[in-house]
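Colleague: Protein sequence lines, in the order shown, are assigned to chains S and L.
Position one of the first sequence corresponds to residue 8 (my numbering), numbered consecutively onward.
Position one of the second sequence corresponds to residue 360 (my numbering), numbered consecutively onward.
Please keep in mind that the hints were generated in silico from the structure rather than gathered at the bench.
Don't take every hint at face value.
Stated by the list, open to error - Here are the simulated lysine to any residue pairs, SDA-like style, with alpha carbons at most 25 Å apart:
1. S:Lys322 / L:Gln601
2. S:Lys400 / L:Pro484
3. L:Lys561 / L:Thr482
4. S:Lys400 / L:Gln489
5. L:Lys496 / S:Arg485
6. S:Lys322 / L:Glu504
7. S:Lys464 / S:Gly60
8. S:Lys322 / S:Arg212
Predicted, not measured: the structure shown is a model, and the values here were computed from it.
Listed here are the chains, written in short residue letters.
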Amino acid sequence: MPLTSSQVPQADSLQRIIEFIERIAAGLDPARDELGGSSRHDSNYMRAAEALGLVSLDGELLEAGRAVLALPKAARWARLVLSFEASPCGKAWCLHQGVEDLRGVDPSSAFEFLSDASDLSPSSCRRRSQTLRRWLIDLHPHHPLGPPTFTPSRPVIQGVEESQTDLFNNEVSPDEDESPTPPGVGAKGESPHPATEAEQDVSRRLRTLLRTAPIHRLEGSKSQRSIPLERYDLRSVSLRIFDTVISYMGMGSGLTRADLLRELRPALVQMDPKAPPARHTEVFNLVLDGLLNERERRQAFSEAWTSIEEGVAVKRLLSFHLLREEEAPDGDIVLRATHEGINVYAGMLDTDVEDAQAAEEAILRSQLRRGRLQQAQGTARRALQRSIEYEQKLSLLLDTARRDVTQVDWVHEALKLLAEAREHIRERLEVERELVSDIERRLDALAGQPEALQLAKLRDTLNLCFDRHIKLQGRVARSNEVWLGEQERQRFRPKVLTPLPDPEADILRPALALPMGLFCEAFDGILRWHNAPHPPHLLYLPHLLSRLLAPRRRRHEEREAPGEPELDEQELGETLFPPADREAVAALLDEVDGIELSSLLSTARERGFGPLALRLTVLTALRAFDDREEQTSLRVVSAGAPLDDPDFSGDDLHIWHQEGPAS
Amino acid sequence: MMDVDVAELGEAAGKLIAYGLDTRARPSRIPEYAELVSRLRSDGAFRALTEATLTGLGLNLLHIGTRGVVLGCREDSAFALRTSDYRQSMSVEERVCHGLIQLAIAAWAFPTAGSLADSETATLPLRTHQIVTYLHKLCEELQQEEAMDPEAATPELREAWRGVLERAQTRDTSDGRRSPSTLVGMVAYALETLASGGLLRKIGEEEGGTWQTLTAYRIQIRELAATESFELIRRLGRRARQNLSEA
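Here chain L stands alone, though its shape is the one from the complex (with noise of 0.2 Å):
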């Protein structure tokens, strides 16, 4: 330990957490970046090092692969999208509809625990007009079971399915562009910023948009977003069950 440089080792953690922002870089054709996930697999100081600065960043090491490293973000994350930096003013049902599409893209590429675990066969691509039709048809089959409508004065306490049907799936504006506020929109926003983020690739303008998912999607899903949204969504279902049965 005495001969370690912790000027260079911290240097070489904290370019290969940049290596691990950049959605771009890639270890085959960066031979510095593929040097240090080497590093980080065998050298045991660097790694310590490396995950003591991801933690006090508000990031996870996901995984170490031959992408490189895949980076999630915790709570309180500089690094985190903010939902200001998402969409700006969203209306209660804007912000429903725009987690919803969240949850609904991963489940469609994702439907099963086995299908996320499964890393040997490809995922169908993501067609914007596809995903917008499974979510809605969801939501259909919930509107089916319910037979009342909801009171007129809690809009707080329609489901969440609702604020979906309720808005409308395309709508074009006067310059031939795609209101951001339709699902269609929505859903194409969402893709986009997945794949700003390195998550999916586009690969064709039919159905509105398609998109393939590439490793790092399956990756933020199976490590991060599916445990982490279950339990969240758990203990929320366990609050509204609360709440009912004191009402």
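Excised from the complex, chain S in its bound form (with noise of 0.2 Å):
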């Protein structure tokens, strides 16, 4: 079916589009203008945030709509996109250059696509060709799947744009293009030993029935307990535990033990509706104790299982947490599920986190279809988990770069590990460019209805999402940038000539393989080295006689003398301020006597000092402020009025020299 006049755009500028849905979010007429355009056009601006699917015929605000504008500015643009993209224009066009996303389409073949695909006249043609070019080339940088792929068919605009999008993707591609299937699942698969492959799968299997035992030892010691417990069922607790710890993670900054008490709480209470509100805290603590394996202060759950090796049976020892407990930045205890605690409850023991997304994924579309959306949000807020940690995985390579790049493997790791999180952002923002559209659809058909208030949280996260996903891909582009800076900065430090050993790769590493007994031993030599001397403290009769008959010392005298600072040279680069600004500084201040601050600094600026020079300034005034100060003949005082100036606030100070005369 030929596109119609209505589904074809007719607007240059997305920016005013954004503008005008703005004024109309505000509860402004759109057509009252400030945009600074006549009745046409706005009806122009109009008909596009409709083809975008943004507002209604109407004129009223859609969710779509909404979703633009409840996101970042810098996202906003990705946003627009994929509405473009979603809208019949969009998809047409993909469809005309047998493409499967944007990122495909030639802006230049607009003109040719609205020939064959609408029933507009030649001359609309030309014109609306002219509005989808400007479109595809203010859109394309912010494809949220990457840079523009189609190949150009005359020189384009974008060509910058282009060439300097990914020095890498070049040496990762060719595994992008012809291994559909998720790393990792190719590369362990057969084994060499049939024979032995059956024994590792008992093993296997078996390792991961020993992570449930936790569970069923709570389950099980129940009756020893003191208190009545026959009503509460521990097993439910303990996955009702992984159920929420798991949902909250990477939401925020976690879930501290009260949270988790007060999402249990109902729970608890329908399993013993008798019982007296403690009974249930206690019944909490009991579980979340036993799951953290506090009997043992902590420590991991040990479980001695048996292998058959080469016919012989050896006992082997496995070593494990569920949960543990984090500082948050923030200094709260917070709750985390260990991988073997998330692998325990989901149930996916065998699979690894490729093959986990695309589980979620279909998780996620058969709870919107039979509306069961508050699950759909854990899933989605579990797809926004996944995309934090690759962002912290990504972060804590960079920062290990930052300390010394030859520790990172970048083309083997880094780049792995970029082209997996390219990955993963292409595959949400596929899914989600499904769903919000989907989701945003019924939005628009449930209004007012109970299901929408849901549906609408739903999106919310999925906007959040988005945004995360836009902000991993900022990063994703930058790291390469941020390794090469560090590795063109750290190619300067000296050479040793002495052979001082890496205290990482020549010591830790090695020290970590041994075996805990050997390590025993050079446990006394490596604190003594690594720790200065500690004179011991002898003792001296006189003073522990004086002491031992002082009278009782009153608190108030326990105030500890001032110790003196510790002073000492840290190591730091050069100064902040350079000689010329300070030259400068010293020469205005010996010029003038007498003075305000503020004319000071309105001096200063006249005679062009920057910043930095304005900033001494005030410093060096407020040095002399300090009256102890005796380095300088200067003399400040305030001048009993508040600053007058742009940059700088407090009080403003008089200035004069020592010697001269106070005016």
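Mind assembling these two chains? They're in different frames, but the hints should get you there.
Modeller: Set out below in structure tokens:
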């Protein structure tokens, strides 16, 4: 079916469209313009916003429009890309060019496309193809899936963007192209010994089974507890703990013990409605402490098991944690599930992350169909969590590179991670693109119904995901640059002539691989060498006597004398202020006398002082304000009025030379 | 040599060593210390006597500079930080973790020989949580390479990295302090001990406590800890391989 006139936009500026829907959202009449256009233009922008699915036919803001406005400015354009891609016109254009998304569409094909696919007159086609071409050129750099992939039929203006997008992409692209299977699946496949493979399978499944042991132990030892627990199912409580903890991981700072209790209390109350409230807390603590292995001071659980190796039974020990407590940056202690814990709960013990993700997507789709939106929310949150994980992995890698580039295997490790992250973003965005438009369609249909609230929440979460993916993409795009920069910077570190060992590669790593028994022998030496000499405290009898015989000190006398401050040369680079600035400031201060800081600053500006020099001027004056400071001839007192200055705030100061007369 | 007043020389050497042991003394603030340091550089007899006395005390002169003298302990020195002074009655696993943490702090601050020799660039600040994450990550890498669980009967033969992974990262006590038996508690303790020896300085409380390395720490690691631990770890590594091939 050919495109109709209303489906093909005719408003060149996408920025204006955003401003247009902003006015609608603010309740202003978009037609009464500060947009500087005539009414014909306004109707063009209205139609364009409508074609993008941002506003309804009668000019009401739709969910997609709200979603665009809810995003930070940087991500709005990326969101517009998706809106255009999902619009009839965008879809038809991709179809016409035989590509999957707009990245593959050449902007210069607009006229040809409109002539073929619409029922517009040739002159309209020409006019509107200008709009489409402009849009695509503007949108291409913001495509969430990456840089354009089309081969231009003639030189394109966007050439710069293309050439600098990714230095390393070429090296990894063969993988991406040829292996549609997720990384890791093909790598560990067949084993050369089928006989041992069966044995390995048993071992692996056994080890998996063992990891559920702490949960069964809790339930099994229920009758031995001093509190009546018949009505509580401790296994169910355990799994609920996992469920809640995992769904909160990476959302904000995480879940504290108190938060978790709050979340679980309703379920506990339902298990035993007649029990006193304190009992529920007791049960909760019992289960959580059990999962943290509080009994053994949170060391790893250890389960012995037996493997058959070459016909001999060997007893082995499996150590694992299910939950951990970690300190969040704000000092809260939050709960996290370990990989083992997540797998035990998720029941996907033998799948890798990529597969798990595919499963998540399927779950989300089915939940949407059945209206089980609550769970969909959780699934979306877990997808978000994985994006955050990628981001953290990447930032850890870059942190390491910042310390020492030689430690990062860029070609194998980092590029693989970057490729995985790129793939993750691509997959997520593809899924979310479908979901979001589906949800938004339903949201528009459901307006006002109770289910819509849940749906809107899910949409918000997905919007958050989208923002996060764009951020991750930014990080992925910048990492090569950071790495190259560090490489350049660190190359100029002096080469060592003396044969010093590398503390990480030559000492720490081999030490980690030593058996514990042997490493213990090294402990005394390591402690001694790494620490400064500690003079032993000798007993001096007169001091001891006088101290023992001294009357009991009262509290306020115990205040310690402020010891000497620990001053030491710090290993810092060059000073903040260049010598030229210092001279200029000194010269200025020599010249003036009896002046207010505000007028001193304006004189300084007239002489073309930079921000650093201005700051130095203020600091010099402040330094002289301290009357213990004797190295300067300046005298400074407060002028008793606020400082009138665009860059600095505080009291105005009166400055004069010590010898000179105070005016 | 005849004019040399042995008693005066001995007293001066003693004073210099006392200043060297006082982590807070700096030549820039104590004129007498500054004088002794420059005397150590110019007066051969004084230097010989000081070094002989240090040898007798089980100490090494690691560095003479503007921040004074930096001393390090040899085996059996009375000034060495003893295991029992550091932590009483530690289990094998705790010793392993505490020892690895010392190595990890040094490796985080100075990952390569180059960064150890380069006294121009500032080191990154040391953050408790970052060091825990760093050590944990190294151990996880080793865990991924290792397919098999260790045998149950022989805890001493389990690799050191398992000791780290088996430990809880953090755990708050009833009064809101950190438990000293967790990794976070252990790293914070190690950093505090280093700071009390004048090697680091605390600059903030964020991320479990943040410390800045001082020049003395670089000297301590470069002149003493790195080479000595390297030799020892290599020796132990050889023994471990021997044990393995015998078994």
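Colleague: Would you mind confirming whether the straight-line C-alpha gap from lysine 561 of chain L to threonine 482 of chain L stays at or under 25 Å?
Modeller: Answer holds: lysine 561 of chain L to threonine 482 of chain L is near 14 Å, not above 25 Å.
Colleague: Lysine 496 of chain L and arginine 485 of chain S: Cα distance at most 25 Å?
Modeller: Judged against 25 Å, a Cα distance of about 24 Å means the pair holds.
Colleague: Does lysine 400 of chain S pair with proline 484 of chain L here, judged by a C-alpha cut-off of 25 Å?
Modeller: holds, 20 Å
Colleague: Are the Cα atoms of lysine 322 of chain S and arginine 212 of chain S separated by 25 Å or less?
Modeller: The hint holds at about 16 Å.
Colleague: Does glutamate 504 of chain L sit within 25 Å of lysine 322 of chain S, going by the straight-line distance between their CA atoms?
Modeller: This hinted pair holds, its Cα atoms lying about 20 Å apart.
Colleague: Verify the proposed pairing of lysine 464 of chain S with glycine 60 of chain S, using a straight-line Cα cut of 25 Å.
Modeller: At roughly 20 Å apart (the allowed maximum being 25 Å), glycine 60 of chain S and lysine 464 of chain S satisfy the hint.
Colleague: Has the given pair, lysine 322 of chain S with glutamine 601 of chain L, been kept, meaning a C-alpha gap of at most 25 Å?
Modeller: holds, 23 Å
Colleague: Does glutamine 489 of chain L lie within 25 Å of lysine 400 of chain S when you go C-alpha to C-alpha?
Modeller: Status holds; Cα separation ~13 Å.
Every hint, counting from the list given before, is met by this structure.
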